[in-house]
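Going by the working numbering, the residue at position 246 of the sequence shown is 247; the numbering climbs one at a time, nothing skipped.
Check the hints yourself; a few may be wrong.
Unchecked claim - Pairwise CB distance ranges, derived in the manner of DEER restraints: (1) 124 to 224: 19 to 25 Å; (2) 156 to 14: 26 to 32 Å; (3) 194 to 14: 16 to 22 Å; (4) 233 to 85: 17 to 23 Å; (5) 74 to 151: 32 to 38 Å; (6) 232 to 197: 46 to 52 Å.
No wet-lab data here; the hints were simulated from the structure.
Each residue gets a CB set at the ideal place from its N, CA and C atoms; glycine is no exception.
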Amino acid sequence: MTPPVTLAVNSDRSRAAIRLFHPKGNIVTLEMIEALAEGLVALGGEPHLKLITIEGDGPDFSFGASIPEHAPGRIEAVLPEAHRLTMALLDAPAPTAAIVRGRCLGGGFEIALACDLIFAADAATFGLPEVALGVFPPAAAALLPPRVGTARATAAILSGTSVAAAEWLAAGLVTAVAPNADLANAVDRWFDAYLAPKSASALRYASRAARASLKRDVATLLPELERLYLNDVMRTNDAREGVAAFLEKRSPRWTDG
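All chains, full assembly: derive it from the sequences and hints.
See the structure below:
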């Protein structure tokens, strides 16, 4: 059985590649969250790293978080671990880059948002569909506004619609867009031009410095948003109905005022 996360380091130890795997669109499960966090810890022992990439197996980065794990009674254990992963990504031991093909949704988008860089295929789309389930994306609510501005982030969170890579490139969120067949080469070219000539220790500390304000803000906001999600939103009828409707493959019947 393929593990939810695989990790490979290249021969000169300058690059590490993390691959997410779930047979249904690389759904972000608790098992995947824990495995990804463990992989980041393991990479702390690689002093020559200049780049850590994260990508999904197959045609899509990730369809998002596991909906069954967001049901009452399970989400209370999953959400804190997801937020610990967000902070681990913001404290990664080298620059990080999400390599996005296909759909990058919900919890998968949140993983990408916690990376320093995002490289995307020209057909890739990014979205936060949680509002259609009667909830909201806590980590994205902390990460997206400082990266693209409050107005653009609010529109993405409230609408739940998917946005093309080119639009996020124009917003400054995505570092580069390339045809799907050339995406890996585009990442290699960017690495060779900008990171490979640099000192690994300089890049490690520079990435920490560049993340410092984002990490400070997210560390403050995540506990507040986690409480809002678990203590308020998940106690509404509509949050429970949204999850149930998704699992039962029907339209939700909203009842909250």
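Evaluated hints:
| no. | hint | in the structure |
| --- | --- | --- |
| 1 | 124 to 224: 19 to 25 Å | 37 Å, violated |
| 2 | 156 to 14: 26 to 32 Å | 42 Å, violated |
| 3 | 194 to 14: 16 to 22 Å | 20 Å, holds |
| 4 | 233 to 85: 17 to 23 Å | 21 Å, holds |
| 5 | 74 to 151: 32 to 38 Å | 34 Å, holds |
| 6 | 232 to 197: 46 to 52 Å | 47 Å, holds |
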